[in-house]
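Protein chains: 2
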Amino acid sequence: MLPQEIRIILEEMRSERIRGASWLAMKGAEAYIALADLLEGEELENALREMKTEIPAVNRTMASLYNLSRFIPVTGNPEVVRAKAEEFIRLAEEARREIGNIGGELIDENEVVITHSFSSAVLEIFKAAGRKGKHFKVVLTESAPDYEGLALARELEKLGIPFEIITDAQLGLFAEKATLALVGADNVTRDGAVVNKAGTYLLALACHDNGVPFYAAAESFKLHPVMTSRDVELVERPYARQGHRIRNYLFDVTPWRYVRGVITEFGVLVPPKEI
Amino acid sequence: MLPQEIRIILEEMRSERIRGASWLAMKGAEAYIALADLLEGEELENALREMKTEIPAVNRTMASLYNLSRFIPVTGNPEVVRAKAEEFIRLAEEARREIGNIGGELIDENEVVITHSFSSAVLEIFKAAGRKGKHFKVVLTESAPDYEGLALARELEKLGIPFEIITDAQLGLFAEKATLALVGADNVTRDGAVVNKAGTYLLALACHDNGVPFYAAAESFKLHPVMTSRDVELVERPYARQGHRIRNYLFDVTPWRYVRGVITEFGVLVPPKEI
Numbered sequence: 001m002l003p004q005e006i007r008i009i010l011e012e013m014r015s016e017r018i019r020g021a022s023w024l025a026m027k028g029a030e031a032y033i034a035l036a037d038l039l040e041g042e043e044l045e046n047a048l049r050e051m052k053t054e055i056p057a058v059n060r061t062m063a064s065l066y067n068l069s070r071f072i073p074v075t076g077n078p079e080v081v082r083a084k085a086e087e088f089i090r091l092a093e094e095a096r097r098e099i100g101n102i103g104g105e106l107i108d109e110n111e112v113v114i115t116h117s118f119s120s121a122v123l124e125i126f127k128a129a130g131r132k133g134k135h136f137k138v139v140l141t142e143s144a145p146d147y148e149g150l151a152l153a154r155e156l157e158k159l160g161i162p163f164e165i166i167t168d169a170q171l172g173l174f175a176e177k178a179t180l181a182l183v184g185a186d187n188v189t190r191d192g193a194v195v196n197k198a199g200t201y202l203l204a205l206a207c208h209d210n211g212v213p214f215y216a217a218a219e220s221f222k223l224h225p226v227m228t229s230r231d232v233e234l235v236e237r238p239y240a241r242q243g244h245r246i247r248n249y250l251f252d253v254t255p256w257r258y259v260r261g262v263i264t265e266f267g268v269l270v271p272p273k274e275i
Numbered sequence: 001m002l003p004q005e006i007r008i009i010l011e012e013m014r015s016e017r018i019r020g021a022s023w024l025a026m027k028g029a030e031a032y033i034a035l036a037d038l039l040e041g042e043e044l045e046n047a048l049r050e051m052k053t054e055i056p057a058v059n060r061t062m063a064s065l066y067n068l069s070r071f072i073p074v075t076g077n078p079e080v081v082r083a084k085a086e087e088f089i090r091l092a093e094e095a096r097r098e099i100g101n102i103g104g105e106l107i108d109e110n111e112v113v114i115t116h117s118f119s120s121a122v123l124e125i126f127k128a129a130g131r132k133g134k135h136f137k138v139v140l141t142e143s144a145p146d147y148e149g150l151a152l153a154r155e156l157e158k159l160g161i162p163f164e165i166i167t168d169a170q171l172g173l174f175a176e177k178a179t180l181a182l183v184g185a186d187n188v189t190r191d192g193a194v195v196n197k198a199g200t201y202l203l204a205l206a207c208h209d210n211g212v213p214f215y216a217a218a219e220s221f222k223l224h225p226v227m228t229s230r231d232v233e234l235v236e237r238p239y240a241r242q243g244h245r246i247r248n249y250l251f252d253v254t255p256w257r258y259v260r261g262v263i264t265e266f267g268v269l270v271p272p273k274e275i
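Read top to bottom, the protein sequences are chains A and B. Sequential numbering from 1 applies to the first sequence in the UniProt record's numbering. Sequential numbering from 1 applies to the second sequence in the UniProt record's numbering.
To be clear, the hints were calculated from the coordinates, so they are not data collected in a lab. There may be inaccurate statements among the hints.
[Said to hold, decoys possible] Derived coverage of chain B by chain A (criterion: at least 3 residues anywhere in the stretch with Cβ under 8 Å from a Cβ of chain A; other residues may be distant):
id : stretch
1  : 167-178
2  : 189-199
3  : 243-257
From the three backbone atoms N, C-alpha and C, an ideal C-beta is built for every residue, glycine too.
Just chain A, with the same shape it has in the complex (with noise of 0.2 Å):
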């Protein structure tokens, strides 16, 4: 049985429904540098071997919580578990800054960049973008239930990067007037298809249907070393309105040939993974 702190963290982590992937695999880092603080020896090996159940459970669509668990030793040394899960953490912050650099090079003067729900991966390549000077200009979705595309057009705001928001149903219509389109990724399957957010795919399709580039920005801890995207398991939250339940799969799958490239720290994978 985990100790009441990290049940709670766990919990925390199940409930959260506006942040994505990258967020959670912090999150996740915190929860090993607390047990790091509260047991150590025979309890801390037994705990750390829990955690590679709990850690992936919390969400099994998220890469991300899989390989955090693999990162992390089976260990009675309090001292190594801190050292690695603090590792994790700053190769994160790394990975989302490289990703910047490298994802900024691809925004171009003038730019139209469409995008779906709120990516941290995104966030990075548009701050990285403004840094170089570049001018262009953001269409992004409200993404319905939880309106997380608004808590981007806030992040946006503050960078003073002009945007528009648009409804989901209208991702068709937006991408035709776009240049580039670029999203993020909870989970690269090892055969490359992008899942994410419900609804990238259907973007993924009207880009291809008009000739706009697609790519997805996911740090490496991201690609999935084993799940092919036959065996995503996705996540549903259903919730009811005027008395209705309405269905609600977080994630849809997008096959690989929709993808012009992942954007990782280590280079822009085209086709993804195949490098």
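Mind docking chain B on chain A? Use the hints.
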């Protein structure tokens, strides 16, 4: 200047947010009948000339309004106006029934039919298939931001037809699991494109990608004799959410290459309008 009574009806038509092309056409025909009750002779002729611009201008996307305004002759005789308006209504009702009969044949036992937004022609098909004793399931979108999908859900509930409601962003996910797609149309352009609620194009793309046949149902008065897909003026009704302005084009345009057929009262047009 049109009489106050008529201007009120036109205003009601302009401000209607949920109901589509069929409802607007019926309401427009009622406006003509009201006009015939109020005016005659030269006054009626002048008003009818004004209606030729006013009725299509209510919503330029709607072929039904364009065709209605051409259906009613400019005359001083109120009896002629009333008779033609009533004929339009009768033909429209017959057309919808016949579309139900023809379209109902397309639904096989255990079909999973995906649709988007609320179309009275599609509802008629569901009713007819139900009367024929067929068992099938409907997957429908809530259709943000006005949620007209929930109005369809209430109709299906009354009819005892099983259904599931999804968010618009899940159209891709659920198209994969569907066996047939049926949508309405506010306009079928001269080059066969289907103008319908924004998001329809995304559904068509997802159906194409998954080999699911995609049909539109439209009374013949929704076939536009002049407008091509390039001429479509898309009506926009932006709204605010959390202090942000949200772009909101009501319609998008699905090119004929993604449309298996258009179900009209005369039969199924395959490819659209090339009979």
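Problem set entry | Structure-inconsistent hints, enumerated in ascending order | Hint check: nothing fails, all pass.
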